[in-house]
Amino acid sequence: MAEVRLEGVKKCFGAVKVIPKLDLTIADGSFTVLVGPSGCGKSTLLRLIAGLEETTAGQILIDGVDVTDREPSDRSIAMVFQSYALYPHMTVAQNIGFGLRLARKPRSEIRRRVEEAAEILQLQALLDRKPRQLSGGQRQRVAIGRAIVRKPKVFLFDEPLSNLDAALRTQMRVELAELHAKLDATMIYVTHDQVEAMTMADQIVIMDGGIVQQSGSPMTLYDRPANPFVAGFIGSPRMNLLEGTVASDAGAELIGVRPEHFVLSNDAGSWEGRVRYAEHLGSDTVAYVDVEGVGSVTVRVSGEVPVRAGDRVFLTPNQARLHKFAGDRRLAA
Amino acid sequence: MSGFTWRSASRICVLLLVSSLIVIPLAATILGGFKTDGELRAEPFGLPDVWRTEYYAEIFADTRFWRYLWNSLVISLLTVALTLILGSMAAYAFAQAKFFGSRFLFSYLLLGLMFPFAAAIMPLFLTVRDLGILDTPWGVILPQVAFGLAFSIMFFRTFFKQMPPELFEAARVDGCGYIRFYFYFTLPLSTPILATIAVFVFVQSWNNYLLPLIMLNDRAGYTWTLGAMDYRGEYISSWNRTLAFMTMTLTPAVVFFIAAQKYIVAGLTGGSVKG
Ligand SMILES: Nc1ncnc2c1ncn2[C@@H]1O[C@H](COP(=O)(O)OP(=O)(O)O)[C@@H](O)[C@H]1O
Ligand SMILES: [Mg+2]
Chain A
8 MAEVRLEGVK
18 KCFGAVKVIP
28 KLDLTIADGS
38 FTVLVGPSGC
48 GKSTLLRLIA
58 GLEETTAGQI
68 LIDGVDVTDR
78 EPSDRSIAMV
88 FQSYALYPHM
98 TVAQNIGFGL
108 RLARKPRSEI
118 RRRVEEAAEI
128 LQLQALLDRK
138 PRQLSGGQRQ
148 RVAIGRAIVR
158 KPKVFLFDEP
168 LSNLDAALRT
178 QMRVELAELH
188 AKLDATMIYV
198 THDQVEAMTM
208 ADQIVIMDGG
218 IVQQSGSPMT
228 LYDRPANPFV
238 AGFIGSPRMN
248 LLEGTVASDA
258 GAELIGVRPE
268 HFVLSNDAGS
278 WEGRVRYAEH
288 LGSDTVAYVD
298 VEGVGSVTVR
308 VSGEVPVRAG
318 DRVFLTPNQA
328 RLHKFAGDRR
338 LAA
Chain B
1439 MSGFTWRSAS
1449 RICVLLLVSS
1459 LIVIPLAATI
1469 LGGFKTDGEL
1479 RAEPFGLPDV
1489 WRTEYYAEIF
1499 ADTRFWRYLW
1509 NSLVISLLTV
1519 ALTLILGSMA
1529 AYAFAQAKFF
1539 GSRFLFSYLL
1549 LGLMFPFAAA
1559 IMPLFLTVRD
1569 LGILDTPWGV
1579 ILPQVAFGLA
1589 FSIMFFRTFF
1599 KQMPPELFEA
1609 ARVDGCGYIR
1619 FYFYFTLPLS
1629 TPILATIAVF
1639 VFVQSWNNYL
1649 LPLIMLNDRA
1659 GYTWTLGAMD
1669 YRGEYISSWN
1679 RTLAFMTMTL
1689 TPAVVFFIAA
1699 QKYIVAGLTG
1709 GSVKG
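One line per chain: the protein sequences are A and B, in this order.
Okay, so the first sequence: first residue is 8 according to my numbering, each after it adds one.
Okay, so the second sequence: first residue is 1439 according to my numbering, each after it adds one.
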C-alpha cells in the first residue's frame, strides 16, 4: 500500500535521452498500466522505480519516502521480469524464499511465508521442483510468488505475460486482477499491448518517446483522448484519423472517428464509398471502405452484415463521438 | 539403428585411427611394466609372455615413489584451487562490473597468453629466489598460477557473460549484492567451466617438468616428473621399472579427470529465463 511519485525524473544513456523529464503520480492501491509502443521507455521507467537504473535527475518517492538513492531491496518493491529470471539451481521453494533467506529471517518464518505464497498461487505441489521442470505458466507463477512473499508495498511487472500463449495469457490476466484485489497493493504493470492495458488497469499511463501522453482511467482515454497519438493507440481496430476538408468542415485540423461510431447503410448517409475488404467475425463485421474525398475508413458494426468487397455503401459518423484535434491538442467538446 | 553406411564406416575408421594414437602408447606403457627388460627390447608392443608383477610391487613398496606422488598432488591441487579462486573472481569483476580501465586491464592480462613460458625461466627463477620460496612447493605453484590465470580468466569471463543479466537484477531486488551473487549464483552455476579449467590446470601442473626442475633442488621435494628421471639414472637400462612408475603416476590424473567430468555438463541454467 503506497503511492509512487516521480518528480522531474530524467534518464539518459550517455548522449541518448530516453526519458526527458517526467512527473507522474501513481495512486495508492491502484493497478496502473504503463503502455506505449516498443522502445518508448516503459521498461526504463519501471527499472528507475525499481532502482535497477539510476536517475539522471529528479526524485522518486514511494509512500512519501525519497528512495532515489536506495538499493532496490530497500525500496519495498518487488519486480516480476518478462523472462521470469528464476534461479535455475534452486527449487521453487528456495526461489520464493531466497529474499527472506538473505534478510536472515528465521527458518520457520521463511517456511510459513513460502507456503502462504504457494497457496495463493496454487504452487504447493511444485515446491520441490527446479525451474526447468516447470511449464511456462508455472514459471510465471513462481516469479509472482517470489514477489508476493516479500510483502512489498509496490509490485512492478515488466510485460510478464508476453512469453505465454494466448489462452494462458487471458487466464493469467484474470488471476493478476484477482491477486490485486486480494493483496490490495499498488501494482505497476508495463505492456505494449493496449488490450491488456484496457482490460486490467484502473489507471492507464500512455507513453511515447519517454513522455507521458495522457493518464487516466481506460474509459477516459477511450472517450477523451488528449491527442492524436493516444487516439490512435487506444482502441481496436484503430480510430480513423482524417485530415482535409472533412476536418476543416468540422472546424479542426484533424478529426477522429472510432470504427464503431459509424452507421453503415446501403442507401443513404453522409459519406459514400466502396468496400475494399470486409472481415466477418460473427460477432462483428469490420469493413475497410474507400470514401471519395476522405480516404480509407475502417468501420465496425456489431453482428453479421452482408457486405462484400466492391459493394457501394454509405457511412454516417456519429457527430457526438467525433474527436477534433488541432496540432497535437484536443479541441474542447 | 540404421544399417551399414559408408559414411559411418569411414567415421569409425577415422575414430579408431585417432584413438589408436593414444591407446597404443598407453597400452605399451602399462604392459611394459610387466615385462623383463630383454623382452621389452625385443617386443615392445605385444602382451608379455609371463605377467611379472614384481616391478609394480617394487615401486608400490618404494616410499620415495609415494613422496613424489604426494608432492605432485599437493602442488597440483593448490595450483588448481588458487587458479579457480583468483581466476573466477577476477573474471567475475570483468564480466559483471563496469569500472574505469577494465578493458585495458583485461587486454593486459591477455598479453600473458602470448608470453612464452620458456623465455620467462630466468627472470622467474630470480624472482622466486628473491621471494625466498625456492625449494618449496610455492616456488612451483605461484608461477603456474600466474601463467594459468590469463587463459582461465578469459574462459571464465566468456562463461559469466552468458549468464542472463536479469538473474543478477532479480537477485538484487531480493537483496543480493555483487559479492553474495558470486557465491550464491556465479559459482554454483559455473561448475561446467570450473571443472573444465580444473582438469586442464591439473593435468598441466601434474605433467610439468621444466618448472620443478628449476625450482626444486632438494630430493625430498621432488615431483614425480623429476622422480622419473631419478629412476632412469639409477637403473640405466631399467625401462620396465620406468614404465611401471609412469603407469602408476597416471592414476591420480585419471581419477581427477573422472571426478571432474561429472560436472562438465551443459544446460545447467535451463528453466531460468526462457518461456
Ligand atoms: N542500458 C541501455 N543503454 C542504452 N540505451 C538503452 C539502455 N536501455 C534502454 N535503452 C534505450 O532506451 C529506449 C527505451 O528502452 P525501453 O525502456 O526498454 O523501452 P520499452 O520497454 O518501452 O520497449 C530504447 O531506445 C533503448 O534502446
Ligand atoms: Mg520493455
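Hints listed in this document are in silico derivations from the structure and should not be mistaken for laboratory results.
Glycine residues also receive a C-beta, built at the ideal position from the N, C-alpha and C atoms.
One should not assume that every hint holds.
For each label pair, taking beta carbons as the anchor points, the in silico distance ranges come out as [stated by the list, open to error]:
1. A:Ser142 to B:Arg1541: 57 to 67 Å
2. A:Glu126 to B:Met1552: 44 to 54 Å
3. A:Thr206 to B:Leu1453: 52 to 62 Å
Here are the computed lysine to any residue pairs in the SDA-like style, where the Cα-Cα straight-line distance is at most 25 Å [what the hints assert, rightly or not]:
4. B:Lys1599 to B:Phe1638
5. B:Lys1536 to A:Lys137
6. A:Lys137 to B:Val1512
These are the hints, each one checked on the structure:
no., hint, result
1, A:Ser142 to B:Arg1541: 57 to 67 Å, "42 Å, violated"
2, A:Glu126 to B:Met1552: 44 to 54 Å, "60 Å, violated"
3, A:Thr206 to B:Leu1453: 52 to 62 Å, "60 Å, holds"
4, B:Lys1599 to B:Phe1638, "21 Å, holds"
5, B:Lys1536 to A:Lys137, "32 Å, violated"
6, A:Lys137 to B:Val1512, "37 Å, violated"
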